[in-house]
Amino acid sequence: MKNKSSHLILGAGICLFAALSFFSQTFASGVSKGLEYCAKLLIPSVFPFLVAASLTGRGTLPRFFCRILNPVTAFFFGLPAQCAPAIILSFCGGYLSGAKSVQSLYSHGIIGKETAERMLFFCINAGVGFSVNAVGNGMLDSRQAGKVIFVSLCISSVINGILSRFFVKSNAISPSAATLLHADLASAVTDSVSSGGAAMLNACTFTVAFSGICAVFDKYIPHHLLKNALSCLLEVTKGCSDISGTASLPVIAAVCAFGGVCVHLQVFSSVRDIGINLPRFYLFRLLNSVAAYAVCRLILYFRPVTLPVSIVINPPAAVFSFSAPAAISLLFLCALLILDLDNGEKIC
Numbered sequence: 009m010k011n012k013s014s015h016l017i018l019g020a021g022i023c024l025f026a027a028l029s030f031f032s033q034t035f036a037s038g039v040s041k042g043l044e045y046c047a048k049l050l051i052p053s054v055f056p057f058l059v060a061a062s063l064t065g066r067g068t069l070p071r072f073f074c075r076i077l078n079p080v081t082a083f084f085f086g087l088p089a090q091c092a093p094a095i096i097l098s099f100c101g102g103y104l105s106g107a108k109s110v111q112s113l114y115s116h117g118i119i120g121k122e123t124a125e126r127m128l129f130f131c132i133n134a135g136v137g138f139s140v141n142a143v144g145n146g147m148l149d150s151r152q153a154g155k156v157i158f159v160s161l162c163i164s165s166v167i168n169g170i171l172s173r174f175f176v177k178s179n180a181i182s183p184s185a186a187t188l189l190h191a192d193l194a195s196a197v198t199d200s201v202s203s204g205g206a207a208m209l210n211a212c213t214f215t216v217a218f219s220g221i222c223a224v225f226d227k228y229i230p231h232h233l234l235k236n237a238l239s240c241l242l243e244v245t246k247g248c249s250d251i252s253g254t255a256s257l258p259v260i261a262a263v264c265a266f267g268g269v270c271v272h273l274q275v276f277s278s279v280r281d282i283g284i285n286l287p288r289f290y291l292f293r294l295l296n297s298v299a300a301y302a303v304c305r306l307i308l309y310f311r312p313v314t315l316p317v318s319i320v321i322n323p324p325a326a327v328f329s330f331s332a333p334a335a336i337s338l339l340f341l342c343a344l345l346i347l348d349l350d351n352g353e354k355i356c
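Everything in the sequence shown is counted per my numbering, starting at 9 for the first residue and increasing by one.
With a straight-line cut-off of 20 Å between C-alpha atoms, the simulated SDA-like cross-links for lysine to any residue are:
1) 227 <-> 28
2) 48 <-> 209
3) 155 <-> 136
4) 155 <-> 302
5) 48 <-> 205
6) 121 <-> 284
7) 155 <-> 313
8) 121 <-> 286
9) 121 <-> 86
10) 48 <-> 137
11) 235 <-> 39
12) 121 <-> 289
13) 155 <-> 137
14) 235 <-> 31
15) 235 <-> 27
16) 155 <-> 310
17) 121 <-> 173
18) 121 <-> 290
19) 121 <-> 89
20) 48 <-> 141
21) 48 <-> 136
22) 155 <-> 253
23) 227 <-> 26
Hints listed in this document are in silico derivations from the structure and should not be mistaken for laboratory results.
Use the sequences and the hints to build the structure in full.
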């Protein structure tokens with residue numbers, strides 16, 4: 009089995025090298041766009057939250073706050089109060105912030121492996137910056153639409169967190185966590201900045217490498233619907249950009265909730281110590297996407313949002329990967345786009 013896997017890896021590497029050599033100019037153009045995206049948007053918006061996420065996982069809540077928050081976290085998520093800061097940061101700070109917070113909690117002994125894996129099923133969210141500023145204000149020209157998306161994603165993540173209790177049992181908080189109360193603040197800040205920088209470099213590497221591959225797909229895939237569905241599957245920012253002029257707001261919320269393979273690969277790389285059950289992870293990604301779609305449609309039923317038809321879009325980076333869960337996800341996103349494609353003047 010190991011030999012077969014190594015042969016597949018070698019074959020994939022050779023095929024990738026041949027493809028990159030054949031489409032070198034297009035690939036180089038995509039890499040250039042990926043570098044620009046990292047410098048102008050990704051690093052300024054994500055790096056501070058990664059540092060905050062790493063720092064959050066190095067400390068523990070005072071007992072007073074634990075007594076207040078523990079009934080809430082235990083009731084909704086079956087988790088100790090020490091996980092509350094990581095949950096809140098994951099909802100507001102962006103996809104990688106949640107993964108980084110969970111990894112930090114686990115690596116410092118505050119939570120166990122089973123708890124960390126379960127948190128990754130719902131602590132991966134777009135964040136307020138991406139939802140409101142990038143998608144709402146930047147792509148849809150409507151901060152109100154971005155706020156609707158953000159609220160939909162938060163509610164869907166809470167639903168995912170509640171559902172996860174029935175799939176994975178959480179282990180208790182580690183007694184060794186008490187030793188973190190005596191951690192040196194200066195050392196914690198220094199380590200958090202270094203750790204956040206390493207995670208940021210990792211994220212930029214994925215973005216730049218696969219943005220070139222996605223540029224090749226954009227040029228040589230003629231079918232518009234397939235191209236949009238593939239963009240949504242591969243990279244969330246480019247996917248939202250590509251469909252923001254045609255798809256309804258609930259579909260865009262569903263795409264944001266799924267996250268894209270680019271985000272998933274970055275998460276996997278950041279939480280290697282924890283390990284993730286891939287079928288279960290993608291099951292919860294799809295559940296999160298469905299929940300965000302339903303919640304967004306419910307919100308719009310009471311508060312409709314009208315969006316302009318003509319929207320200027322600047323597609324950024326993308327990523328690519330082959331896997332069975334990814335194929336299922338692609339079919340799911342294609343179905344969403346087909347069922348909910350709206351070419352009218354309103355997206356609501």
